[in-house]
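Trainee: Residue-level listing of the chains:
2 protein chains.
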Amino acid sequence: MTRPSSVPPPVTAVLDASSRWLPERLGEVERLLREATVGYGEILGADAGATLDAGGKRLRPMLVLLCAGPAGDPIATRAAAAIELVHMATLVHDDVLDAAPLRRGLPTVAATSGRGRAVATGDLLFSRAFALLSEAGDTRSVSLLADASVALAQGELAQRRDAFDLGVSEGRYLARCRLKTGRLFECACLLGRDEEALRGFGAGIGLAFQLLDDVLDVSGPAERTGKARGTDLLDGTVTLPLIEAAKSDPALREVDLRALDDDAAEGLCDRIAATGALERVRTRALEMVAEAKRALEDADFEPEQRQLLSLVADGMVQRYS
Amino acid sequence: MTRPSSVPPPVTAVLDASSRWLPERLGEVERLLREATVGYGEILGADAGATLDAGGKRLRPMLVLLCAGPAGDPIATRAAAAIELVHMATLVHDDVLDAAPLRRGLPTVAATSGRGRAVATGDLLFSRAFALLSEAGDTRSVSLLADASVALAQGELAQRRDAFDLGVSEGRYLARCRLKTGRLFECACLLGRDEEALRGFGAGIGLAFQLLDDVLDVSGPAERTGKARGTDLLDGTVTLPLIEAAKSDPALREVDLRALDDDAAEGLCDRIAATGALERVRTRALEMVAEAKRALEDADFEPEQRQLLSLVADGMVQRYS
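Just so you know, the protein sequences line up as chains X and H, in that order. Numbering-wise, our numbering comes out as the position in the first sequence, counting from 1, plus 258. Numbering-wise, our numbering comes out as the position in the second sequence, counting from 1, plus 258.
These are calculated hints, taken from the structure and not from any lab test. Here a beta-carbon is modelled for each residue, glycine too, at the ideal position from N, C-alpha and C. Among the hints, erroneous ones may be present.
[Stated by the list, open to error] Computed Cβ-Cβ distance ranges for the label pairs, DEER-style:
#1 A522(X) - Q576(H): 56 to 64 Å
#2 E545(X) - G484(H): 49 to 57 Å
#3 A480(X) - R516(H): 35 to 43 Å
#4 R289(H) - E428(X): 46 to 54 Å
#5 G285(H) - P561(X): 55 to 63 Å
#6 E545(X) - A421(H): 45 to 53 Å
[To be verified] Sample of chain X residues lacking proximity to chain H, with all beta carbon distances greater than 10 Å (derived):
#7 E288
#8 D423
#9 R516
When you get a sec, could you build the whole thing from the sequences and use the hints?
Mentor: In structure tokens, the structure reads:
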């Protein structure tokens, strides 16, 4: 079986359960991703190549392909590559915003090549996504991806606006996560197939994914997440674990996030964990995944497709455990 | 006549010479630009609104509309707004890269709102461009704009790569300008009308525009350009005036651009000007404009359209004089 390099366990489960078509198409997506980043000068080759090699779960391409199904339109493969290029572009830009040294345990483009190159590299990946999708001649897909990209940027702006603000409400946090993460998962599903039931599925697992990611930032361990615990807190990003923890430990609302150093951030992580907030957030995420899977039942899928989509949804949870 | 606010003189000449349709459509473009940046939160409203209000010549939208002509497809107006959104996005990102305090004499988004918000604001403007264009349902336009955006980012990366390198050749400089500036002008023309002759016209005036912009950086005056003289030199950007000046004053190749301060940059500008390089670069740009206008002769245009496009080409020169 052709398999993308460094495939993490939950994705392996999906690949193992699928028949031949899925890994083959994911291999094709990797080829398109590679193509999209070569021939644009040695700098992009190096920077984007490093981003590609750093792997990632290719969850969004997998959702596109799974929703499109084995008989899916050939355009789905292009759309799968395009959505991953947008995702990669936002990661490269996020690392500029956060001045992050590491991503998936490897140095970020911003760290190795500087902010300037990282901004331009992100712009290039972004442009290549739309070039790839428009070559396929389908404006519905371009519209979907452009609107999701708007949402991503809105989510990022909302995160900037709310940075260091311990008064951020749960509702505001969830709205931001829907923009920043949910919409791209939703877009992936709709790129694969034009079906309303998939909107709830994609948005639901995307939101669960973000919640669990925010739990991982507090719980670590660093060896698994590839970055230090409390990175979000150091960036001033107030996430659900902290909001939830402050319900039982209100003094947490008085912490000055701007004054945190690495050790204090670790200490704050321990304090959040001590309230049991991580389990409560995890439960919320599990409920979201269960609800997303129920949304799947309304869609007219082949048994294999539904089973594989369920496995992807379960994968959201497995990455935590 | 409805006119975009703060219209600079060369553009006024085009508007004055045109019949009613052009200013009306430019008014519509302004409306679309405004629409594209409201309703996405107060931050974007403020940041993008400030970028919009800072004006700009709307040269690229004007090229789209002029090439489309009075009987042009309604899609041209959307394409005109979309290309200006991409242009705005790159300006916002460029100011992050260069940490520029001023643009058109006003504070940049990067300066007022910080790098993080500027990166996200640029991403949002960029995404809105593709959303706007894909709503019109024309993949040819999306492809053209995406490919031009790829070229812009490549040009930006080339500029990073060559920064502070006084050995950069004229050919390398010109290739970078074609990517960074020429391609978007070319794209503007082709968005208006699918005609091969327009490729040379757009690319030619775009290149001339960049050469004259690089002359202005050296010649100033700051009151006119809205930024200090020698800003490019301080950023390590080696442009044609310096390359040309070094032909008659080879010691210029030994200058350490990294060691420049504001005063030394002004001094270097004077030294470049003393070689007569500015006149020589200006002459090159004038030749490019003349050649671009010859390319127009091959295209099948109404007399008014050809006259107005010539006026835009002349405007490239007027901004210098």
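Trainee: Decide, hint by hint, whether the structure agrees.
Mentor: Evaluation of the provided hints:
Between A522(X) and Q576(H) the beta carbons are some 59 Å apart, a value that agrees with the proposed interval 56 to 64 Å. Hint check: E545(X) to G484(H), Cβ distance near 55 Å, so the stated range 49 to 57 Å holds. Our hint of 35 to 43 Å for A480(X) and R516(H) holds, since their Cβ atoms are close to 36 Å apart. Taking 46 to 54 Å as the suggested C-beta distance range, the pair R289(H) and E428(X) does not conform, at roughly 38 Å.
Against the hinted window of 55 to 63 Å, the Cβ-Cβ separation of G285(H) and P561(X) comes to about 57 Å, which satisfies the hint. The supplied range of 45 to 53 Å is met by E545(X) and A421(H), whose beta-carbon atoms lie about 51 Å from each other. Here E288(X) stays apart from chain H, with its beta-carbon at least about 20 Å from theirs, past the 10 Å limit. Every Cβ of chain H is farther than 10 Å from the Cβ of D423(X); the closest lies at roughly 14 Å, confirming the non-interface assignment.
The claim that R516(X) lies off the interface holds: its Cβ sits roughly 14 Å from the closest Cβ of chain H, which is beyond the 10 Å cut-off.
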